[in-house]
Amino acid sequence: MSDSIMIQVDKLNKSFGDLHVLKDIDMTVKESDVVCLIGASGSGKSTLLRCLNFLEIKDSGIITFEGSQVEKETHDLNEVRQKVGMVFQHFHLFPHKTVIENVMEAPIYVKKVPKAQAEKDALALLEKVGLSDKKDVYPSKLSGGQKQRVAIARSLAMKPDIMLFDEPTSALDPELVGEVLATMKELAEEGMTMIVVTHEMGFAREVADWAVYMHDGRIVEVGHPEQLFNHPKEERTKNFLDSVL
Amino acid sequence: MDLLTKFIDTYPIFLKGMLLTFQLTIVSIFIAIFIGLFFAFLKISKVKILEWIADLYIFLVRGTPLVVQIFIFYFGLTSLNISGFWSVVLGLAFHNGAYIAEIFRGAIQSIDNGQMEAGRSLGMSAGLSMRRIILPQASRRALPPLGNQFIIALKDSSLASFVGVYELFNIATTQGSIKYDYMSYLLIVAVYYLVLVLFFSIIVSIIEKRMASSD
Ligand SMILES: Nc1ncnc2c1ncn2[C@@H]1O[C@H](COP(=O)(O)OP(=O)(O)OP(=O)(O)O)[C@@H](O)[C@H]1O
Ligand SMILES: [Mg+2]
Chain A
1 MSDSIMIQVD KLNKSFGDLH VLKDIDMTVK ESDVVCLIGA SGSGKSTLLR
51 CLNFLEIKDS GIITFEGSQV EKETHDLNEV RQKVGMVFQH FHLFPHKTVI
101 ENVMEAPIYV KKVPKAQAEK DALALLEKVG LSDKKDVYPS KLSGGQKQRV
151 AIARSLAMKP DIMLFDEPTS ALDPELVGEV LATMKELAEE GMTMIVVTHE
201 MGFAREVADW AVYMHDGRIV EVGHPEQLFN HPKEERTKNF LDSVL
Chain B
246 MDLLTKFIDT YPIFLKGMLL TFQLTIVSIF IAIFIGLFFA FLKISKVKIL
296 EWIADLYIFL VRGTPLVVQI FIFYFGLTSL NISGFWSVVL GLAFHNGAYI
346 AEIFRGAIQS IDNGQMEAGR SLGMSAGLSM RRIILPQASR RALPPLGNQF
396 IIALKDSSLA SFVGVYELFN IATTQGSIKY DYMSYLLIVA VYYLVLVLFF
446 SIIVSIIEKR MASSD
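Protein sequences appear in the order of chains A and B. Take the first sequence: its letter number 81 is residue 81 in the working numbering, and every next letter is one higher. Take the second sequence: its letter number 4 is residue 249 in the working numbering, and every next letter is one higher.
Honestly, the hints are just simulated from the structure, not real lab data. Take the hints with a grain of salt, since some may be wrong.
[To be verified] Within a straight-line C-alpha distance of at most 30 Å, the following computed DSBU-like cross-link-like pairs (lysine-lysine) qualify: (1) K293(B) x K141(A); (2) K454(B) x K97(A); (3) K134(A) x K454(B); (4) K111(A) x K141(A); (5) K291(B) x K72(A); (6) K30(A) x K159(A); (7) K72(A) x K400(B); (8) K293(B) x K83(A); (9) K291(B) x K97(A); (10) K291(B) x K23(A).
[What the hints assert, rightly or not] Computed list of chain B residues with no C-beta within reach of chain A, every gap over 10 Å: (11) I317; (12) Q360; (13) S366; (14) M369; (15) D426.
[Unchecked claim] A few chain B residues that face chain A, going by a derived Cβ cut-off under 10 Å, partial list only: (16) E347; (17) G364; (18) R376.
Note that beta-carbon positions come from the ideal geometry of N, C-alpha and C, so glycine has one too.
From just these sequences and the hints, can you work out the full model?
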């Protein structure tokens, strides 16, 4: 694990109208870190990820990404987003494009990669997620697990420096969860920096370097997964873990 | 049969009228699609003043009879030395543009917001995501109502006869008055319209099937 800081968050706040969703979030993610984010529904996990990807614009606080403080006034957020991949609970594959077209779309139209090169890269990524045989089918013909693996390949095609996963397996049938987690584990082993919102404790234990428990818009506890899950220091963490396990 | 001989005797002139009806419809719908797309974007722009402009346009079109709109365009534009044909085309385009704007707006808004977010999360700009991700999907959804609007426009183009455009309906009434036999020529022109509508319905359903292949 390297020591350089990938993303640093200082006193991040975000509200939707009167609803104060993120409260003074502080967080530092180093290169190659795998972080698991847990917390009850509505605690602000998705909003935090979305702020880190600038799909949601923070109200206050500082987000430093790869050493530079990112503000919408000074940065082209489209460029920043290229470096921050995001995988959604409901995949959001492009239904009007084939699997390989889904993966090639952004490299061709955003990075202006020549089509032949983009196709070659896309095939390699599909190979990696085990779906090269599905390259020419439309997403509607895939299982949920396959869809999510394509979504991961699509994100990777932009060669991001960090990947954010928002409950990547919670829309899947139980028997399909494993294949997606396996792909994510492989990514982690290759050194990808990842922040994963998940309630897959097994995955968190095995793969995550540290885990974060969020409650009501705050980070309540941070720790090594083993320690956080087995010996939580905070009462609220304990209550939450009791309720999900 | 009597009606059949009348049909055969007049088909060259009716075919000319059919061509004109066809041109009126195609050209006006073509323009109306651009007008519609433009006002659909105003409506989803989330900029109040632009939304109001679009609302006003749609209100004007919906709140007045088409025949009034055609007369206003005809007298307004021919006084600027624009031909009768083009004044009517623009009148029809103005009219259909409002309905098409609503069709596009509905289709765009029916696309799951996650599609835009997926595009944005890959670093695509809002405009690029709209063009590459949202619009292709929205056009598929818009196709059935657009086909419907096209057929309405085809039939509405008959109102052009009131300002002297020699399209199908005008030919029917002219023939009827020359030969003191309105009923025969109205029945004959109804057949021409039915054939046109059938033809376009088939084309629309072929396009729909092609586009649906990915779903
Ligand atoms: N765009 C929005 N507008 C208004 N309120 C929102 C918006 N997005 C999220 N919220 C609210 O913010 C709070 C936090 O939502 P968020 O989605 O971040 O929670 P979460 O921890 O991801 O929950 P879940 O486990 O259900 O996904 C919720 O109360 C939610 O209703
Ligand atoms: Mg969430």
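Hint by hint, here is what the structure shows:
no., hint, result
1, K293(B) x K141(A), "violated (41 Å)"
2, K454(B) x K97(A), "holds (16 Å)"
3, K134(A) x K454(B), "holds (23 Å)"
4, K111(A) x K141(A), "holds (28 Å)"
5, K291(B) x K72(A), "holds (19 Å)"
6, K30(A) x K159(A), "holds (18 Å)"
7, K72(A) x K400(B), "violated (51 Å)"
8, K293(B) x K83(A), "violated (34 Å)"
9, K291(B) x K97(A), "holds (29 Å)"
10, K291(B) x K23(A), "holds (28 Å)"
11, I317, "holds (40 Å)"
12, Q360, "violated (6 Å)"
13, S366, "violated (4 Å)"
14, M369, "violated (6 Å)"
15, D426, "holds (53 Å)"
16, E347, "violated (23 Å)"
17, G364, "holds (8 Å)"
18, R376, "holds (9 Å)"
The structure fails to meet hints 1, 7, 8, 12, 13, 14 and 16 from the earlier list, while all remaining hints are met.
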